[in-house]
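Student: Sequence:
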Amino acid sequence: MKENRIKSLEYLSNPFLDVPLYKRLAKKNAIDLRNNKKVIDLGNGYSVVKSIDNTIRFK
609 MKENRIKSLE YLSNPFLDVP LYKRLAKKNA IDLRNNKKVI DLGNGYSVVK SIDNTIRFK
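If you're matching positions, the sequence shown starts at 609 in our numbering and goes up one per residue.
Because the hints were derived from the structure by calculation, they are not lab data.
A hint or two may mislead.
To be verified - Think about it this way: if two alpha-carbon atoms lie no more than 35 Å apart in a straight line, the pair counts; the simulated DSBU-like pairs of lysine-lysine are:
| no. | residue 1 | residue 2 |
| --- | --- | --- |
| 1 | K631 | K645 |
| 2 | K646 | K636 |
| 3 | K667 | K646 |
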């Protein structure tokens, strides 16, 4: 009983445990920022990451 509870707690804490990150990004049609980003320093300790081309998506 205790082992079933532990497994369910692990699943509840991270339901994407068995799905790779790349597949999750492709499923959500996310913009691929690898070699496609511009970092803008705001000068106050923060920065903004913007994509150069919004049409490049994970496949």
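Student: Hint by hint, which ones does the structure fall short of?
Tutor: none
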